[in-house]
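Chemist: As given, the protein sequences belong to chains P and E, one line each in that order. Position one of the first sequence corresponds to residue 1 (our numbering), numbered consecutively onward. Position one of the second sequence corresponds to residue 1 (our numbering), numbered consecutively onward.
Hint data in this document are derived by calculation from the structure and do not stem from the laboratory. Worth double-checking, as some hints may not be accurate.
Each computed BS3-like pair below joins lysine-lysine, with the alpha-carbon atoms no more than 25 Å apart [stated by the list, open to error]:
id: 1; chain 1: E; residue 1: Lys3; chain 2: E; residue 2: Lys13
id: 2; chain 1: E; residue 1: Lys63; chain 2: E; residue 2: Lys87
id: 3; chain 1: P; residue 1: Lys346; chain 2: E; residue 2: Lys92
id: 4; chain 1: P; residue 1: Lys156; chain 2: P; residue 2: Lys93
id: 5; chain 1: P; residue 1: Lys346; chain 2: E; residue 2: Lys3
id: 6; chain 1: E; residue 1: Lys63; chain 2: E; residue 2: Lys93
id: 7; chain 1: E; residue 1: Lys63; chain 2: E; residue 2: Lys92
id: 8; chain 1: E; residue 1: Lys6; chain 2: P; residue 2: Lys346
id: 9; chain 1: E; residue 1: Lys91; chain 2: E; residue 2: Lys63
Stretch by stretch, here's where chain P covers chain E in the computed footprint (C-beta under 8 Å, at least three residues) [said to hold, decoys possible]:
id: 10; stretch: 21-27
id: 11; stretch: 32-40
By construction, the Cβ of each residue, glycine as well, lies at the ideal position given by its N, Cα and C atoms.
Residue strings, one per chain:
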Amino acid sequence: MNSGIDLQGNFIKSLMDLGLPSDLAKAIWMPVPMILMIVAATVGVLTSVWLERKISAAAQQRIGPEYIGPLGLLAPVADGLKLVFKEDVVPAKADRLLFTLGPIIVTIPVFLSYLIVPFGQNLVITNIGIGVFLWIALSSVAPIGLLMSGYASNNKYSLLGGLRAAAQSISYEVPLALAVLAIAMMSNSLSTIDIVEQQSGYGILGWNIWRQPVGFILFWIAALAECERLPFDLPEAEEELVAGYQTEYSGMKFALFYLSSYVNLVLSALLVSVLYLGGWDFPIPIDTLAHWLGISPANPVLQMIAACLGIIMTVLKAYLLVFLAILLRWTVPRVRIDQLLDLGWKFLLPVGLVNLLLTAALKLAFPVAFGG
Amino acid sequence: MLKFLKQVGDYAKEAVQAGRYIGQGLAVTFDHMRRRPITVQYPYERLIPSERFRGRIHFEFDKCIACEVCVRVCPINLPVVDWEFDKVSKKKKLKHYSIDFGVCIFCGNCVEYCPTNCLSMTEEYDICTYDRHELNYDSVALGRLPYKVTNDPMVTPLRELVYLPQGVMEPHDLPADAPRPGSFPEDLVQKANS
Numbered sequence: 001m002n003s004g005i006d007l008q009g010n011f012i013k014s015l016m017d018l019g020l021p022s023d024l025a026k027a028i029w030m031p032v033p034m035i036l037m038i039v040a041a042t043v044g045v046l047t048s049v050w051l052e053r054k055i056s057a058a059a060q061q062r063i064g065p066e067y068i069g070p071l072g073l074l075a076p077v078a079d080g081l082k083l084v085f086k087e088d089v090v091p092a093k094a095d096r097l098l099f100t101l102g103p104i105i106v107t108i109p110v111f112l113s114y115l116i117v118p119f120g121q122n123l124v125i126t127n128i129g130i131g132v133f134l135w136i137a138l139s140s141v142a143p144i145g146l147l148m149s150g151y152a153s154n155n156k157y158s159l160l161g162g163l164r165a166a167a168q169s170i171s172y173e174v175p176l177a178l179a180v181l182a183i184a185m186m187s188n189s190l191s192t193i194d195i196v197e198q199q200s201g202y203g204i205l206g207w208n209i210w211r212q213p214v215g216f217i218l219f220w221i222a223a224l225a226e227c228e229r230l231p232f233d234l235p236e237a238e239e240e241l242v243a244g245y246q247t248e249y250s251g252m253k254f255a256l257f258y259l260s261s262y263v264n265l266v267l268s269a270l271l272v273s274v275l276y277l278g279g280w281d282f283p284i285p286i287d288t289l290a291h292w293l294g295i296s297p298a299n300p301v302l303q304m305i306a307a308c309l310g311i312i313m314t315v316l317k318a319y320l321l322v323f324l325a326i327l328l329r330w331t332v333p334r335v336r337i338d339q340l341l342d343l344g345w346k347f348l349l350p351v352g353l354v355n356l357l358l359t360a361a362l363k364l365a366f367p368v369a370f371g372g
Numbered sequence: 001m002l003k004f005l006k007q008v009g010d011y012a013k014e015a016v017q018a019g020r021y022i023g024q025g026l027a028v029t030f031d032h033m034r035r036r037p038i039t040v041q042y043p044y045e046r047l048i049p050s051e052r053f054r055g056r057i058h059f060e061f062d063k064c065i066a067c068e069v070c071v072r073v074c075p076i077n078l079p080v081v082d083w084e085f086d087k088v089s090k091k092k093k094l095k096h097y098s099i100d101f102g103v104c105i106f107c108g109n110c111v112e113y114c115p116t117n118c119l120s121m122t123e124e125y126d127i128c129t130y131d132r133h134e135l136n137y138d139s140v141a142l143g144r145l146p147y148k149v150t151n152d153p154m155v156t157p158l159r160e161l162v163y164l165p166q167g168v169m170e171p172h173d174l175p176a177d178a179p180r181p182g183s184f185p186e187d188l189v190q191k192a193n194s
């Protein structure tokens with residue numbers, strides 16, 4: 001396995017070649033991946049909003065946005081601009097501080113979670129040891145923000161929506177964590193890089209989805225519930241609760257909720273692709289491919305292509321999952337709140353536990369295949 | 001113990017069943033994606049209104065004898081007929097006639113009962129104004145004929161579903177002389193005679 005391109009090293013080295021001191025070069029490097037990641041996340045959101053509108057239209061035999069830019073590509077941009085220029089209303093009897101704080105608390109952890117999403121061997125902001133655990137921990141901050149905004153709006157619908165959001169997030173975090181635990185057990189690490197590393201080498205056959213099919217489904221259902229996507233969009237169920245905790249929000253604050261919900265969706269899809277679908281791994285191992293073509297693995301062009309392919313593969317897998325989520329949205333009706341909690345606690349939790357025990361047993365029995 | 005296992009087995013079976021149903025549903029939605037959109041791209045494409053379409057009412061001023069039958073048959077006595085008795089010709093002379101289309105329900109009773117056929121239905125359905133009072137059409141506005149969809153070079157006319165040939169669901173790219181389902185009364189008469 002080659003180590004891919006070392007962007008950081010090359011960047012710092014080239015700056016130092018220009019005559020800058022090494023500390024300054026490192027300081028210049030630091031914000032680059034962060035800004036890049038924020039931009040990538042935002043572009044990812046715009047793309048998924050556009051996909052959402054186009055695929056929804058196609059599923060209903062409509063055309064969808066067509067005249068705003070080519071193929072309606074600029075429709076999400078227009079949405080965003082509209083929201084930016086809208087008046088920012090705070091209801092008279094609302095708690096001003098909490099009302100403003102809510103959307104911020106919801107948005108920041110989602111963006112922060114992009115820290116651990118790898119697009120390649122070195123294409124990750126930080127390769128921290130706790131990896132996926134950081135994401136789980138950060139995602140449990142969001143319900144606080146939701147509850148806060150629901151409470152601060154001083155509106156019954158908002159409060160109900162906020163309470164539902166909190167209940168849903170908390171109960172679906174458990175099966176989510178269990179599914180991740182099984183993966184962590186197999187790869188002996190929580191770091192996303194290690195998890196992908198452990199899956200690579202055998203191409204599509206090595207991906208975790210074959211060893212963890214139950215975990216995959218479990219994780220996907222729980223992730224959908226965490227993102228409040230349609231079968232589980234109870235917190236904002238528009239027929240019952242107007243718009244849930246978003247009812248009183250407008251302008252930029254609403255835009256933050258909107259943004260974070262889509263960032264969360266893309267993030268979940270990315271994590272599913274990292275945890276179960278081999279991340280940046282090509283379905284056929286690159287090394288084998290290079291061997292067939294008679295190219296040395298150290299060839300710089302090959303490394304370049306491999307890195308690009310890695311990014312493309314990660315994004316492609318993630319967007320396939322986003323597509324699935326959108327398709328599910330128009331297929332599955334919304335569940336009731338009691339059904340939702342039943343599904344979480346009485347079905348996903350026991351299945352997750354059994355899956356975990358099974359993984360442990362298999363790990364002991366076949367340490368070769370299950371990362372002993 | 002056995003009972004418990006059976007319960008677990010049944011539960012698992014139900015879960016698998018539910019998963020299969022969701023899969024079926026997904027297949028249906030996925031299949032919809034490759035179908036052509038059924039939407040009519042309105043300002044650029046328009047449906048040809050059906051033959052019995054009851055659109056805005058057309059009025060011919062010169063034919064009107066100011067009998068006010070239209071007012072009597074109207075559910076809300078909507079048409080305003082302003083006439084004066086002309087002593088020389090000993091006839092009612094119509095001065096103004098108006099219908100407020102903001103109130104009209106397009107039931108067509110006036111058209112049905114008009115003794116001189118001075119009222120008729122047009123195909124116009126998109127009467128839009130910035131002020132509701134502009135919907136109150138006087139005799140001049142009522143006398144205007146709408147532009148036919150089929151003659152408008154800016155618009156692609158599309159046939160309604162009923163007027164498509166049997167088995168065809170797609171109004172786009174249909175030849176202009178494509179037959180519509182069923183036969184006209186005159187065709188039936190001809191068939192009976194021969």
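Chemist: Now tell me, hint by hint, if it's right for this structure.
Modeler: Structure-based check of each hint:
1. E:Lys3 - E:Lys13: Within the cut-off at roughly 15 Å; holds.
2. E:Lys63 - E:Lys87: Cα-Cα ~20 Å, so holds.
3. P:Lys346 - E:Lys92: Violated, at about 84 Å.
4. P:Lys156 - P:Lys93: holds (13 Å)
5. P:Lys346 - E:Lys3: holds (19 Å)
6. E:Lys63 - E:Lys93: Answer holds: Lys63 of chain E to Lys93 of chain E is near 11 Å, not above 25 Å.
7. E:Lys63 - E:Lys92: Measuring from Cα to Cα gives roughly 12 Å; hence the hint holds.
8. E:Lys6 - P:Lys346: holds (17 Å)
9. E:Lys91 - E:Lys63: Measuring from Cα to Cα gives roughly 13 Å; hence the hint holds.
10. 21-27: holds (count 3)
11. 32-40: Coverage by chain P holds here, the residue count being 7 at a Cβ distance below 8 Å.
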